[in-house]
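Asks: Line by line, the protein sequences are chains A and B.
For the first sequence, numbering that gives the first Met the number 0 assigns the number 0 to the initial residue and increments by one for each residue that follows.
For the second sequence, numbering that gives the first Met the number 0 assigns the number 0 to the initial residue and increments by one for each residue that follows.
Just so you know, these hints were derived from the structure itself, not from any lab.
All of these numbers come straight from a predicted model, not from anything done at the bench.
Where a beta carbon is used, it is the ideal one built from N, C-alpha and C, also for glycine.
Accuracy of the hints is not assured; some may be wrong.
[Unchecked claim] Chain A regions said to be covered by chain B (calculated; three or more residues, Cβ under 8 Å): (1) 149–163; (2) 208–214; (3) 249–257; (4) 263–275.
Number of protein chains: 2
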Amino acid sequence: MKKLSTILTVSAILILSSCSPSGEHRQPTVAADPLPSWNEGATKQSIMDFVTRVTDPASPGFVPEAERIATFDNDGTLWAEQPLYFQLFFAIDRVKALAPEHPEWETQQPFKAVIEDDLEALVASGKRGLLELIMATHAGMTTDEFARIATTWLESTRHPTSGRPFTDMVYQPMLEVLDYLRAHSFKTYIVSAGGIEFMRPWTEEVYGIPPEQVVGSSIKTSFEIRDNGSVLMRLPEIDFIDDKAAKPVAINSHIGRRPIAAFGNSDGDLQMLQYATGGDHPGFALIVHHDDAEREWAYDRESHIGRLDKALEEATAKGWTVVSMRDDWRRIFPWN
Amino acid sequence: MKKLSTILTVSAILILSSCSPSGEHRQPTVAADPLPSWNEGATKQSIMDFVTRVTDPASPGFVPEAERIATFDNDGTLWAEQPLYFQLFFAIDRVKALAPEHPEWETQQPFKAVIEDDLEALVASGKRGLLELIMATHAGMTTDEFARIATTWLESTRHPTSGRPFTDMVYQPMLEVLDYLRAHSFKTYIVSAGGIEFMRPWTEEVYGIPPEQVVGSSIKTSFEIRDNGSVLMRLPEIDFIDDKAAKPVAINSHIGRRPIAAFGNSDGDLQMLQYATGGDHPGFALIVHHDDAEREWAYDRESHIGRLDKALEEATAKGWTVVSMRDDWRRIFPWN
Chain A
0 MKKLSTILTV SAILILSSCS PSGEHRQPTV AADPLPSWNE GATKQSIMDF VTRVTDPASP
60 GFVPEAERIA TFDNDGTLWA EQPLYFQLFF AIDRVKALAP EHPEWETQQP FKAVIEDDLE
120 ALVASGKRGL LELIMATHAG MTTDEFARIA TTWLESTRHP TSGRPFTDMV YQPMLEVLDY
180 LRAHSFKTYI VSAGGIEFMR PWTEEVYGIP PEQVVGSSIK TSFEIRDNGS VLMRLPEIDF
240 IDDKAAKPVA INSHIGRRPI AAFGNSDGDL QMLQYATGGD HPGFALIVHH DDAEREWAYD
300 RESHIGRLDK ALEEATAKGW TVVSMRDDWR RIFPWN
Chain B
0 MKKLSTILTV SAILILSSCS PSGEHRQPTV AADPLPSWNE GATKQSIMDF VTRVTDPASP
60 GFVPEAERIA TFDNDGTLWA EQPLYFQLFF AIDRVKALAP EHPEWETQQP FKAVIEDDLE
120 ALVASGKRGL LELIMATHAG MTTDEFARIA TTWLESTRHP TSGRPFTDMV YQPMLEVLDY
180 LRAHSFKTYI VSAGGIEFMR PWTEEVYGIP PEQVVGSSIK TSFEIRDNGS VLMRLPEIDF
240 IDDKAAKPVA INSHIGRRPI AAFGNSDGDL QMLQYATGGD HPGFALIVHH DDAEREWAYD
300 RESHIGRLDK ALEEATAKGW TVVSMRDDWR RIFPWN
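Required output: the full structure, derived from the provided sequences and hints.
Replies: Here it is in structure tokens:
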């Protein structure tokens, strides 16, 4: 991410916007471009063709409104995931805050790596290690208390390279896809390996996706009666890791319908994309390929975070839509 | 359930309806009774008072639309559960169909009881035993195949005493509550110990509750790639039993919000009612008490099915709404 190029891009967009006939002053009879941050081309067209195919009543691929389910991965698909999964920054801050109560963490990975600021060792502990770290630091409070802790952290912490709130690190083109699908009566869901209760407090405001449409990894909870009411306590035990082949399982459990469109960016999303395209309806699968080292980050087959290897092979073999962030996205973030 | 009394009740309702000024011919300026199958009285009033309290913007108990979550138990709350849970009739038919492939069932409970038509031994095996029976007979096919099997069975099988389709054995007064709440922007959910995939194929048509708003017990599933697509296989392993203290846990997992209203009929619903009434909002809890041996069934503290004991104590202590089916419901089923 280079700041100069960002500034140039922002300037270019501002100039383009002020000259453009599109926008609020347009005649209402002219159809607005629903995906203004997408460059014209095959990628953008594939999204619009799919929506037309399943929503035009005269189309053989027409899908009734109730069955228009679209599922989105979060990390790397709706918001950025570099230099670390954002929830991991949260977990790191929690580990440091809780470390005085946990002397055993000084010798125990991945906690040791966190306390010693050894990000390389942390990333090397893998997705499952990272999830365990997250789970271990997210327990011991009620669900309501956890939502408050997560919200407070998100409001007070900034992304290390952009200096922006983490909720600003969302992809403008994907926000447009969410809106576009919902305008065509799709129900949009998040299906992420991220913590379900870490996402739910803010997804409605940021993505327009309410808590009940967020699916993610979880730790166990226990129902308890208190003097002044009842609570769910968060237990230090993993309940479900919503990644790879578990994504279709979680989709079936939470939604009970097969999605007809799925959006991901890594091998962790492969099975979700296979599920969306493996049914009777014409399914749509899209992969966001991080290939823009100038405006965002470039990584795929060798990355510890958001590794994209097998899913890229399958996308090519199956003709899925692969988004080049560099070529297909006019802008990356809403503040560009 | 006595047929003569049913006929008399039906006749009385038909006579009353034809004399009544309410109905479709009313002037649109006169507010319709949203709960016409409920007799006037404290029970009906408590429902309407609650809805007014949380939906009137001037009320101190006002709740924003997005937080108006209402959860309903299914067996004994939305539809009948006698002489056995209806899903158990389905399981019984499945056991008999599959028995030739399972010689070990001849000596193994609760399968032995099913094969020998020993309903008493079956009921005595308890809710958990019954659930295990259900789970064991519901595996070995894809989720799509299971939905078709369940749908076919529901369409072709009749309730043993009423001779009606099982989906006719739903409570008209509760259908009206569902509609009434939805008309006031509540989102209505089923949270049942019944099988989630047994309910989902029909709850939208019967209750207006779509699959994604159905929460229930589940067996594990496994994602598999097939030549012509992808499927979820149902495995003979219990994943989650959505009963008692697990109901708040499942509500949090699936919905991510605390309900402000909950409806049940047995001790299996107690924790869900405690959860709905244990938060910051004014929560509403309602128990359907089966005390109408004439028109339905009468059972509570001693029943193997739908035991209502502790929850009835707590309802009295906490001032929850307890519905007397005999006194509060003008009619029971839609076809009365």
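Asks: All hints are to be evaluated individually against the structure, with a verdict given for each.
Replies: The hints, checked one at a time:
1. 149–163: violated (count 0)
2. 208–214: holds (count 4)
3. 249–257: Result for this restraint: holds, n = 6.
4. 263–275: holds (count 3)
Taken one by one, the earlier hints fail for this structure only at number 1.
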